[in-house]
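*Asks:* Guided by the hints, dock chain B onto chain A, whose structure is given.
What follows is the residue order along each chain.
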Amino acid sequence: DVKVTQSSRYLVKRTGEKVFLECVQDMDHENMFWYRQDPGLGLRLIYFSYDVKMKEKGDIPEGYSVSREKKERFSLILESASTNQTSMYLCASSRGLAGDPPQYFGPGTRLTVT
Amino acid sequence: GQNIDQPTEMTATEGAIVQINCTYQTSGFNGLFWYQQHAGEAPTFLSYNVLDGLEEKGRFSSFLSRSKGYSYLLLKELQMKDSASYLCAVLANQAGTALIFGKGTTLSVSS
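Protein chains in written order, with our numbering: chain A, 3 to 116; chain B, 9 to 119.
One chain only, chain A, in its complex shape (with noise of 0.2 Å):
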């Protein structure tokens, strides 16, 4: 089975912090992405990285960067964290095939900014 692990599952920060979330997958999935969940808005992509050093864009990247130094591992960071960044943050990864594309989502981890 595919596992997506997120370093947390509840996080509390401060205004201004600079916060890091951390997700690891198992299954060596070139693709790895990073959502945030809202009621109401439903899930919008934050940033994406198709391969080791690469990444893209997605809808919502203000406020955000990532880091991929590692097939298996992406970050996202909050450089100064506001109180419009708390959501609940889920990472997902997929193969780069378009016959096994399902992505996998890890448990997520719900930020609280104060």
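Derived from the structure by calculation, the hints contain no laboratory data. On a predicted model such as this, the values are computed, not experimentally measured, just so you know. Take every hint as true, because none was put in to throw you off.
Within a straight-line C-alpha distance of at most 25 Å, the following computed BS3-like cross-link-like pairs (lysine-lysine) qualify: (1) A:Lys59 <-> B:Lys111; (2) B:Lys76 <-> B:Lys65; (3) A:Lys5 <-> B:Lys65; (4) A:Lys57 <-> A:Lys73; (5) A:Lys5 <-> B:Lys89; (6) B:Lys65 <-> B:Lys111; (7) B:Lys76 <-> B:Lys111; (8) A:Lys20 <-> A:Lys57; (9) B:Lys111 <-> B:Lys89.
*Replies:* Chain B only, in chain A's frame:
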């Protein structure tokens, strides 16, 4: 633009059958997915359709009509544990990197 529509909420009773519809307009199409998400948890993969027709998997079935930009998820013999949000998502590119999600349908199953 990219647009996926599904009803916001549905209710049903145990043992019944419910159909959750999804219509989509996307720049490309490489398959449609349904995910189930229980409150506070991550989405889990339910089904994948890339060709027209019905795919059956136990109590769950998913249908696709590419010409109509339409899919539905059919849940039979509903159980209380089926209370969850159901997300429709379209893969818009072959690389697997453009998965566009609908806002989800919250299904409440009562006894």
